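**Q** From first to last, the protein sequence lines are chains A and B.
Counting with this note's numbering, you get residues 1 to 391 for the letters of the first sequence.
Counting with this note's numbering, you get residues 1 to 285 for the letters of the second sequence.
It is worth saying that the hints were derived from the structure and are not from the lab.
Remember, it's a predicted structure, so these values are computed and weren't measured experimentally.
Where is the CB? At the ideal position from N, CA and C, for every residue including glycine.
From the derived model, a few chain A residues whose C-beta atoms are all more than 12 Å from chain B:
id	residue
1	M1
2	Y81
3	K83
4	A87
5	A88
6	A158
7	S240
8	A257
9	N262
10	D309
11	P341
12	H377
Computed Cβ-Cβ distance ranges for the label pairs, DEER-style:
id	chain 1	residue 1	chain 2	residue 2	range
13	A	E73	B	E267	33 to 43 Å
14	A	V300	B	D68	37 to 47 Å
15	B	K190	A	D378	50 to 60 Å
16	B	T181	A	D146	30 to 40 Å
17	B	K47	A	K83	53 to 63 Å
18	B	K47	A	F108	47 to 57 Å
19	A	S44	B	L259	43 to 53 Å
20	A	Y259	B	S52	51 to 61 Å
21	B	K225	A	R102	18 to 28 Å
22	A	E131	B	S52	27 to 37 Å
23	B	K192	A	E76	29 to 39 Å
Only pairs whose alpha carbons sit at most 30 Å apart, straight line, appear in this in silico BS3-like list of lysine-lysine:
id	chain 1	residue 1	chain 2	residue 2
24	B	K195	A	K213
25	B	K9	B	K43
26	A	K84	B	K283
27	B	K146	A	K84
28	B	K283	A	K17
29	B	K64	A	K149
30	B	K195	A	K295
31	B	K283	B	K146
32	B	K249	B	K217
Letter by letter, the chains look like this.
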Amino acid sequence: MKKVELLAPAGDLERLKIACIYGADAIYIGGQDYSLRANANNFSLEEIKEACDFAHKLKKRVYLTLNIVFHNEDIENVYDYIKKVVAAGIDAFIVSDLFLVRYIKSNFLVEVHLSTQDSITNYLSVRYLQEQKVDRIVLAREVGRDDIKEIIAKTNMAIEVFIHGAMCTFVSGRCVLSNYFTNRDSNRGGCAQICRFCFDINDETDSFSMAVKDLNMSRYIKDMIEIGITSFKVEGRMRSPFYLATVLSSYRRIIDAYYANNLTDDLLQKEMKILERVSNRENSTHFYFQEASVKDQYYVGRNEVSNQDYLGIIVDSKDHLYTINQRNYFKVGDEIEIITPNMDIIDYKVDNLYNAKLEPIEVANQADSMLKIKIEHDLPLYSMLRKKYLD
Amino acid sequence: MELLVSLNKKELDDYLQFTNSFIIGLENYAVNYYEASLDDIEKMLAKYPGISLFVSINKNIFNKDLKDLEEKLISLSKLPIKGVLFYDLSVLEIVSRLKLKIDLGIHQTHLITNYNICEYYFEQGVKYGYLATEITALEMAEIKEKTKLKLMAYFVGHPIISHSKRKLVSNYYEYIKKKKTKDLNIINEKDKEQKYYIQETKLGTNVLTYDILNGTKAFLVLKDKLSYGILDNQLIPDDLFLKVLKLYKLNLDNSISDLELTSKVQELIGDKEGFFFLKTIYKVK
Numbered sequence: 001m002k003k004v005e006l007l008a009p010a011g012d013l014e015r016l017k018i019a020c021i022y023g024a025d026a027i028y029i030g031g032q033d034y035s036l037r038a039n040a041n042n043f044s045l046e047e048i049k050e051a052c053d054f055a056h057k058l059k060k061r062v063y064l065t066l067n068i069v070f071h072n073e074d075i076e077n078v079y080d081y082i083k084k085v086v087a088a089g090i091d092a093f094i095v096s097d098l099f100l101v102r103y104i105k106s107n108f109l110v111e112v113h114l115s116t117q118d119s120i121t122n123y124l125s126v127r128y129l130q131e132q133k134v135d136r137i138v139l140a141r142e143v144g145r146d147d148i149k150e151i152i153a154k155t156n157m158a159i160e161v162f163i164h165g166a167m168c169t170f171v172s173g174r175c176v177l178s179n180y181f182t183n184r185d186s187n188r189g190g191c192a193q194i195c196r197f198c199f200d201i202n203d204e205t206d207s208f209s210m211a212v213k214d215l216n217m218s219r220y221i222k223d224m225i226e227i228g229i230t231s232f233k234v235e236g237r238m239r240s241p242f243y244l245a246t247v248l249s250s251y252r253r254i255i256d257a258y259y260a261n262n263l264t265d266d267l268l269q270k271e272m273k274i275l276e277r278v279s280n281r282e283n284s285t286h287f288y289f290q291e292a293s294v295k296d297q298y299y300v301g302r303n304e305v306s307n308q309d310y311l312g313i314i315v316d317s318k319d320h321l322y323t324i325n326q327r328n329y330f331k332v333g334d335e336i337e338i339i340t341p342n343m344d345i346i347d348y349k350v351d352n353l354y355n356a357k358l359e360p361i362e363v364a365n366q367a368d369s370m371l372k373i374k375i376e377h378d379l380p381l382y383s384m385l386r387k388k389y390l391d
Numbered sequence: 001m002e003l004l005v006s007l008n009k010k011e012l013d014d015y016l017q018f019t020n021s022f023i024i025g026l027e028n029y030a031v032n033y034y035e036a037s038l039d040d041i042e043k044m045l046a047k048y049p050g051i052s053l054f055v056s057i058n059k060n061i062f063n064k065d066l067k068d069l070e071e072k073l074i075s076l077s078k079l080p081i082k083g084v085l086f087y088d089l090s091v092l093e094i095v096s097r098l099k100l101k102i103d104l105g106i107h108q109t110h111l112i113t114n115y116n117i118c119e120y121y122f123e124q125g126v127k128y129g130y131l132a133t134e135i136t137a138l139e140m141a142e143i144k145e146k147t148k149l150k151l152m153a154y155f156v157g158h159p160i161i162s163h164s165k166r167k168l169v170s171n172y173y174e175y176i177k178k179k180k181t182k183d184l185n186i187i188n189e190k191d192k193e194q195k196y197y198i199q200e201t202k203l204g205t206n207v208l209t210y211d212i213l214n215g216t217k218a219f220l221v222l223k224d225k226l227s228y229g230i231l232d233n234q235l236i237p238d239d240l241f242l243k244v245l246k247l248y249k250l251n252l253d254n255s256i257s258d259l260e261l262t263s264k265v266q267e268l269i270g271d272k273e274g275f276f277f278l279k280t281i282y283k284v285k
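Turn these sequences into a full structure, and let the hints guide you.
**A** Laid out in structure tokens, this is it:
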């Protein structure tokens, strides 16, 4: 059985590197044009090449989103752009407009994945797209478990589904609220998330919201592997490196445990606890088992909790003296956890702390400062310090 | 250009002096259309011989729908309809595989925005293209120059701006433990004072503009270029709609000037022009 792919988002080069070393098998990124996250940092051509070189050395793949809904003015330069990013080493394109499928498959030996923007929901549409030489389809978020299973069984198409992160309230590609409210084009990367605003309804109440909870499929990974899904996609090209590291390493441990025949309920409970903690919103399984219902929405506006769990990242080391780029407040005496690219979670009590001049300090309270700390464990670069998640 | 009325009823007598072309949704398969069953459609075609009737099948199709959809398409292929406007690619797959004699129109509400996608579908055997309401009149004109699809654009009505499979309003009322009393509601974003209709149907929830779109100036730019101009009767009182439809018809017949059409339609339905002359942005500085 081919192992399922864990596919991570990355909004910039730092996030791509974090995703690669924290367990992703493949990373999807956006260029500076043609991507549905127009306001993320996104990647220049030089950065795309660097991203591909970095990922390929670790035997990871890089997919580039070209999934805006094109207007006439977007067309002229896209062909030249495609040539350049293929040369930079991209492994696949994620596209929405079907004219691009034909162009790319006719001219390049590179995979084409169809974006969830196209809202593919049935096996006959998949068969049509197979004939058009699409290599993989990101199914609509509204497709449930039994339909996914039937689509795979009847087509043998490589199917990618979202497993974690924010959800659209509306069918992807069928929402232009942002265009009307703010003149920002949702299908060209300008979505202003109007569905998370608060509204009056019929002048009766001012708390109507269309926002939906996040997706979290961690409990059901075993089932999702066994029905034959090819790729598990994590949402969030604009999420923080800490969020990415935490979410990806949890899913990595669950997936690896499944293939090693040691996916226990204890392990699952532990990872679910971590994933609950790192998220700043409530979550649900949405359409996977049944039609989405009252339990999947928010009704009182934005319910987002600011997360200050990320304490710092190790950026240098010498003889167990680690340099940390600090992110949030912590102090000597705190019991914390260290997560590592090896997927370890290490309990640690902070018993020393130094500033950049190696003078002892008691508290770390200047975000983005460089601190030093002696830790007896061997910790790889990019290990992260966080507040204690597990008892 | 022909005027194409998106219907709000099965009786066509009021419209026939102004146009011969109509769209109706197929029961259980249409998002934001007045629906008719196959039987209804057959009766309409018998009662009004010679009309050009497009049937919209524009919902997202799920596996469980496919067998019935195939049967419906086979039945439709035996009726003298003008064409089927489709969203989901399964329609194209079925019509191609079974070689059904149906003229297809691509009707992916917000996605038909450029000339290359139109040409793509033309080469797949599609005959008509229903342009998105979020592109400008100039973009529509350029698309016409570069595609062989017969194009249609939406000029008057309450355009749909989002569609969800979720029952967003019912869920809300269930949460606040109140009874939902109607399917058509109005939401208002207080800071911007922007009202929208929110409508629940058996297929989910639609958000529509509250103001009537007045695409008359764009119509005047495009009337010699596009094949069909759509005027949507849903949520508009019949008497008001018929006045607008009549004015459009008189203009096409050169019985009233462009200026007269513009001013009279504006008096009737206001001046909300949507995106015909407004480019959207997507990178925020």
